[in-house]
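Read off the chains here:
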Amino acid sequence: MDKVYLSHNNIVSAYGFDSISAVAQITNEVSSLRRTEDTTILPQPFFSSRIQKESLEAKYSSLNPQEKHTRLEKMFVVSLSDTISSSNMKLTKRVGLIISTTKGNIDALEKNNQFSDERAYLGILGEKIQNFFGFKNEAIVLSNACVSGALAVAIAKRYINQGRFDHVFIVGGDLVTQFILSGFNAFQALSDEPCRPYCKSRSGINIGEVATSVLVTKDKTGLVNEAVVVLGEASCNDANHISGPSRTGEGLFRSVERALKKARSNPDDIDFISAHGTATMFNDEMEAIAFNRLGLQETPLNSLKGYFGHTLGASGLLETIIGMHSLNQNTLFVSKGFQELGVSQPLNIIEQNTKKEIKTFLKTASGFGGCNTAVIFQKVKL
Amino acid sequence: MDKSFQIERFCHIRDNRILLNGETIFETDQTDFSSFIKAAYKTLDVDYSKFFKMDNLSKLAFMSADILLKNETEKNVALVLSNKASSLDTDRKHQKSIADSTNFYPSPSVFVYTLPNICLGEISIKHGLYSENAFFVFDKFNPSALLDYTNSLLHIGGTEKVLCGWVDFDNGKYDAFLYVVAKKGTFAHTTKELIRLY
Chain E
212 MDKVYLSHNN IVSAYGFDSI SAVAQITNEV SSLRRTEDTT ILPQPFFSSR IQKESLEAKY
272 SSLNPQEKHT RLEKMFVVSL SDTISSSNMK LTKRVGLIIS TTKGNIDALE KNNQFSDERA
332 YLGILGEKIQ NFFGFKNEAI VLSNACVSGA LAVAIAKRYI NQGRFDHVFI VGGDLVTQFI
392 LSGFNAFQAL SDEPCRPYCK SRSGINIGEV ATSVLVTKDK TGLVNEAVVV LGEASCNDAN
452 HISGPSRTGE GLFRSVERAL KKARSNPDDI DFISAHGTAT MFNDEMEAIA FNRLGLQETP
512 LNSLKGYFGH TLGASGLLET IIGMHSLNQN TLFVSKGFQE LGVSQPLNII EQNTKKEIKT
572 FLKTASGFGG CNTAVIFQKV KL
Chain L
1015 MDKSFQIERF CHIRDNRILL NGETIFETDQ TDFSSFIKAA YKTLDVDYSK FFKMDNLSKL
1075 AFMSADILLK NETEKNVALV LSNKASSLDT DRKHQKSIAD STNFYPSPSV FVYTLPNICL
1135 GEISIKHGLY SENAFFVFDK FNPSALLDYT NSLLHIGGTE KVLCGWVDFD NGKYDAFLYV
1195 VAKKGTFAHT TKELIRLY
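If you're matching them up, the sequences are chains E and L in order.
Using the numbering used here, you'd call the opening residue of the first sequence number 212 and step up by one each time.
Using the numbering used here, you'd call the opening residue of the second sequence number 1015 and step up by one each time.
Be aware that a few hints might be false.
[What the hints assert, rightly or not] Cut-off 25 Å, straight-line C-alpha distance, at most; resulting in silico cross-link-like pairs (BS3-like, lysine-lysine):
| id | chain 1 | residue 1 | chain 2 | residue 2 |
| --- | --- | --- | --- | --- |
| 1 | E | 429 | E | 592 |
| 2 | L | 1206 | E | 304 |
| 3 | L | 1089 | E | 472 |
| 4 | E | 347 | L | 1064 |
| 5 | L | 1206 | L | 1154 |
| 6 | E | 214 | E | 301 |
| 7 | L | 1187 | E | 322 |
| 8 | L | 1056 | L | 1140 |
| 9 | L | 1107 | L | 1206 |
| 10 | E | 472 | E | 570 |
| 11 | L | 1098 | E | 304 |
| 12 | L | 1052 | L | 1107 |
| 13 | L | 1107 | L | 1198 |
| 14 | E | 347 | E | 304 |
| 15 | E | 322 | L | 1110 |
| 16 | L | 1098 | L | 1206 |
| 17 | L | 1198 | L | 1084 |
| 18 | L | 1107 | E | 322 |
| 19 | E | 429 | E | 304 |
| 20 | E | 279 | L | 1098 |
| 21 | E | 473 | L | 1197 |
| 22 | E | 322 | L | 1098 |
| 23 | E | 347 | L | 1206 |
| 24 | E | 473 | L | 1089 |
| 25 | E | 347 | L | 1154 |
| 26 | L | 1056 | L | 1098 |
| 27 | E | 472 | E | 214 |
| 28 | L | 1098 | L | 1067 |
| 29 | L | 1154 | E | 304 |
| 30 | L | 1197 | E | 472 |
| 31 | E | 279 | L | 1154 |
| 32 | L | 1107 | L | 1067 |
These aren't lab readings, by the way, just hints derived from the structure by calculation.
Remember, predicted model here, so these are calculated numbers, not experimental data.
Assemble the whole structure, with the sequences as input and the hints as a guide.
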């Protein structure tokens, strides 16, 4: 079976318009979460990370768009154009496009939105992105809650292994909208301060906004320095509850176990875990239980939600890309916001940026619907 | 190598009818979805109280899956579903609850269904499936994308069977075509056959 790699990548975020900008600020332990007052989104102030509007417009306009695009489409176009152009890839029939999003252009349903309600169909979003770049294949839109970004990587690999494509571009993202914030607020899941994954004082999530993209390829030539190979991947449902995580961490436990088996790896081979860590009481506790059942409680672990907030359909991919740069820099990044362990089982939370020879990491994600995904990556240039 | 898998059985729900392998197993004059699916629930002896808390998309997916998985003993069954409207039916409901600041009533029990993959969770809970899930959105039924992904799960994903198909609910209109792919079955698992059966 062909090896499958993750190579050229981009992150459009509050930090800037490429991955390096985000990685540089994370290296400096600077969060992009800001107190935001926007009553069109939520009556009370909230913490969020949002892409700067004027800079996004400028970047987008410089790409000479031929039709009007929504804000999310602009984010996708800006991110993907950087990844495609740096990869120099010709978009032939062997190149696929996967779009990872939970809600897409959901803001089109708002009364004052300039686009019609029709624009909320995810297929239209797919078509707009496909047409902008001239992809020869129909966009495959994946909408699988908060595991979408990580699952999109697994699906790209499987399509390549199955022979459907030689290369796949994935782009992922979601907006910070009234739709999302009012929903999480109704669940009383929003924190009114910057989130604190795994911390005793954690009080919920922040929602953030990024667009992020990556080239997934079976071609080993021309890989970037931070490229990784996908060693193993799996996704398992909790079969327990649609909105609450399993108390035994069953689906996450099984996902990691199967991913390790596919990677022919042991828990000892994992140098660090890029975990989900949303900073809700139940999610973080569930992860602690699952990682202890797997014997991974000593493995250094971070959640990047303290830098970006929860970026929904992008998060799994965003955190994978930061993980690639972490391997390349041989640096374990601080799990921002953490002070004192607040889960019932031990975890080795990264509290200081640490220089260390690292080769392999595990990315996990969990979400509504009881879904969980685990993917194991190893750096190519050892 | 794609021909080594076959379709065991399939189910349609559309136009006030439920069909298993092309044979009608339930039919009613009730034209609106909620009366139709309630009548089907009673006649087909589903007996699952959580059913009534589900949104329309989940009810549609759950009912089709229940018919296909009723006597299934294999638990390593992946779920790969797709549609056009994602969860827009419930999205509109949530949007309505937040559109007016003087009449603002968002509800967690509605909001949770604003993700299309929730129906995969409902099916997993009922049938005890700790398996692979994926929910795709396409402009129309896309047999070849489903076929390749399903085959990849069966070839390399360590999956024994896949419950696969199309389940769409939009503006009161419903259309479900679900099928079980396995190592042995009655129908060829090919794009051509899927188009014919759909």
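Hint check results:
no., hint, result
1, E:429 <-> E:592, "16 Å, holds"
2, L:1206 <-> E:304, "20 Å, holds"
3, L:1089 <-> E:472, "19 Å, holds"
4, E:347 <-> L:1064, "43 Å, violated"
5, L:1206 <-> L:1154, "16 Å, holds"
6, E:214 <-> E:301, "21 Å, holds"
7, L:1187 <-> E:322, "24 Å, holds"
8, L:1056 <-> L:1140, "17 Å, holds"
9, L:1107 <-> L:1206, "37 Å, violated"
10, E:472 <-> E:570, "18 Å, holds"
11, L:1098 <-> E:304, "23 Å, holds"
12, L:1052 <-> L:1107, "20 Å, holds"
13, L:1107 <-> L:1198, "42 Å, violated"
14, E:347 <-> E:304, "5 Å, holds"
15, E:322 <-> L:1110, "10 Å, holds"
16, L:1098 <-> L:1206, "21 Å, holds"
17, L:1198 <-> L:1084, "18 Å, holds"
18, L:1107 <-> E:322, "14 Å, holds"
19, E:429 <-> E:304, "15 Å, holds"
20, E:279 <-> L:1098, "22 Å, holds"
21, E:473 <-> L:1197, "21 Å, holds"
22, E:322 <-> L:1098, "23 Å, holds"
23, E:347 <-> L:1206, "21 Å, holds"
24, E:473 <-> L:1089, "20 Å, holds"
25, E:347 <-> L:1154, "17 Å, holds"
26, L:1056 <-> L:1098, "28 Å, violated"
27, E:472 <-> E:214, "16 Å, holds"
28, L:1098 <-> L:1067, "23 Å, holds"
29, L:1154 <-> E:304, "20 Å, holds"
30, L:1197 <-> E:472, "23 Å, holds"
31, E:279 <-> L:1154, "24 Å, holds"
32, L:1107 <-> L:1067, "15 Å, holds"
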